[in-house]
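A.B. asks: Listed below are the residues making up each chain.
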Amino acid sequence: MIAAMRPPPSPPHPTHHPDVDLLSRHAAGTLADGPALVVATHLDFCPICRHQMRAWEALGGALLNSQRPVALADDALERTLARLDGAQLDDARLEGKRPPADVPALDPDPVLPPALRRQRLGPWRFVAPGIRGRAVRVDPTQGYKVMLFRVAAGMAIPMHGHRGQEYTCVVDGAFSDVFGRFGSGDMAAVDASVDHQPLAEPDGDCLCLIAVRGRLRIHSLLGRLVQPLVGL
Amino acid sequence: MSGGGDGILPEGRATAGATAGTVVLEDVHARHLRAIAAQGDRAAFSALFRHYAPRIKSYLLTTGLPPMEAEELAQEVMLTVWRKAAIFDPSRARAATWIFTIARNLRIDAARRSRAADAAVAQESLTPAEPEPADDLLFAAEAADRLRATLDTLPPDQLAVVRLSFFEDAPHPDIARRLGIPLGTVKSRLRLAMARLRGVIDPGGAER
Ligand SMILES: [Zn+2]
Numbered sequence: 001m002i003a004a005m006r007p008p009p010s011p012p013h014p015t016h017h018p019d020v021d022l023l024s025r026h027a028a029g030t031l032a033d034g035p036a037l038v039v040a041t042h043l044d045f046c047p048i049c050r051h052q053m054r055a056w057e058a059l060g061g062a063l064l065n066s067q068r069p070v071a072l073a074d075d076a077l078e079r080t081l082a083r084l085d086g087a088q089l090d091d092a093r094l095e096g097k098r099p100p101a102d103v104p105a106l107d108p109d110p111v112l113p114p115a116l117r118r119q120r121l122g123p124w125r126f127v128a129p130g131i132r133g134r135a136v137r138v139d140p141t142q143g144y145k146v147m148l149f150r151v152a153a154g155m156a157i158p159m160h161g162h163r164g165q166e167y168t169c170v171v172d173g174a175f176s177d178v179f180g181r182f183g184s185g186d187m188a189a190v191d192a193s194v195d196h197q198p199l200a201e202p203d204g205d206c207l208c209l210i211a212v213r214g215r216l217r218i219h220s221l222l223g224r225l226v227q228p229l230v231g232l
Numbered sequence: 001m002s003g004g005g006d007g008i009l010p011e012g013r014a015t016a017g018a019t020a021g022t023v024v025l026e027d028v029h030a031r032h033l034r035a036i037a038a039q040g041d042r043a044a045f046s047a048l049f050r051h052y053a054p055r056i057k058s059y060l061l062t063t064g065l066p067p068m069e070a071e072e073l074a075q076e077v078m079l080t081v082w083r084k085a086a087i088f089d090p091s092r093a094r095a096a097t098w099i100f101t102i103a104r105n106l107r108i109d110a111a112r113r114s115r116a117a118d119a120a121v122a123q124e125s126l127t128p129a130e131p132e133p134a135d136d137l138l139f140a141a142e143a144a145d146r147l148r149a150t151l152d153t154l155p156p157d158q159l160a161v162v163r164l165s166f167f168e169d170a171p172h173p174d175i176a177r178r179l180g181i182p183l184g185t186v187k188s189r190l191r192l193a194m195a196r197l198r199g200v201i202d203p204g205g206a207e208r
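Same order as they appear, the protein sequences are chains C and L.
For the first sequence, full-length UniProt numbering gives the first residue as 1, with consecutive numbering after it.
For the second sequence, full-length UniProt numbering gives the first residue as 1, with consecutive numbering after it.
Here chain C stands alone, though its shape is the one from the complex (with noise of 0.2 Å):
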């Protein structure tokens, strides 16, 4: 409306975005470690859906207000009061100044958003010729692979073929496929039905995060060669 007040021009806004389902789940704690981090990703470039997380955690919220209260131990209160002087404040001006100590030093590669940077990645390692990938860890036993892969322009994206829930947010770059063009923070989850075969954008290198359920089927030569690294 009035153009003096429209904030300064940033980068463009993700057009392919998690649906309510995933959103909901993820404010709600319950989406598994992989589907977890790669909304978490598209979080980091998509104010929109950010806005939608916050609504869903207030959702949250009001759920834990009408929750029917449950008595704690007797003496729950006192043991907690007792503990108050042990605990230290966290103090609002150091707030992310200073990393948690509980959590891995963030990685250093500044393409990477805060998302990704606090997880644990592996080192690059070659995965075929003009494919390289890292491995992200995520907890082994709820199923997921995490990989973070760069793609050189115009090379395939190893991941069509596979077995289950495939979800897919584009951190640098670009990649087409039957459903459009994905550019930076925008995010697929695709299923096993679907057989799409995403290709990096000829203009340059495509990083993407993906997340899979169960393993790669073996599809071809890039499949098989991806099987090693993957781990499977």
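A hint or two may mislead.
What follows is a list of derived Cβ distance ranges for each label pair [unchecked claim]:
#1 C:Leu84 / L:Pro67: 15 to 25 Å
#2 C:Ala71 / L:Glu142: 28 to 38 Å
#3 L:Val28 / C:Asp85: 23 to 33 Å
#4 L:Arg178 / C:Gln142: 21 to 31 Å
#5 C:Thr141 / L:Val28: 40 to 50 Å
#6 L:Pro67 / C:Val178: 49 to 59 Å
#7 L:Arg42 / C:Phe126: 56 to 66 Å
#8 L:Pro156 / C:Thr15: 39 to 49 Å
#9 L:Leu192 / C:Gly180: 29 to 39 Å
Covered by chain C, according to a simulated footprint, are these stretches of chain L (three or more residues, beta-carbon under 8 Å) [claimed, not checked]:
#10 42–51
#11 73–80
#12 99–110
Read the hints as simulated data drawn from the structure, not as lab findings.
Ideal Cβ positions, reconstructed from N, Cα and C, are used throughout, including at glycine.
Since the structure of chain C is already known, use the hints to place chain L with the ligand on it.
C.D. replies: Just chain L with the ligand now, kept in the frame of chain C:
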């Protein structure tokens, strides 16, 4: 503004009354948090504890935690509330929302620790990030008030289904079994309730 969200909340006495009471309660909780941050006010902490700890324990039980662990973790959540009180910003989130996110994150961490084969996995932090200053934070706070009011108007049977579905991500057949109602009833109650809640959370959702 499209104005599309205005017709979604029913205009009833019950809604107006519940909203007023809710806002007052939120103000009291926010004041307690400020008193903890400013002068380590134990009376304020005790008041928050009496309200939230039994609800947090109840929430943790809903997510499937055994009673002993729910008890311990509820105390842990309250301890974190004490430690982080200075970070609470009432313009970003309501007290209940903020405390819910702490409980949620500690629950995720605890579940991961109990599953972890090695200590390294347990150290990963995959908890959703804090809001950013550039975001429209007032929206979330206001949505919280409207959601509260909407929850107050939901029939108890719909609320029970929403609770299990959101907090626990329970499959519909599970919800049906636990509430002792037919599967079709679960689906229809959830559809009705979520349509109402979605209208509050994302009034422009249909246009996206
Ligand atoms: Zn989005």
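A.B. asks: Taking each numbered hint in turn, which are not upheld by the structure, reported in ascending numerical order?
C.D. replies: Violated hints: none; all satisfied.
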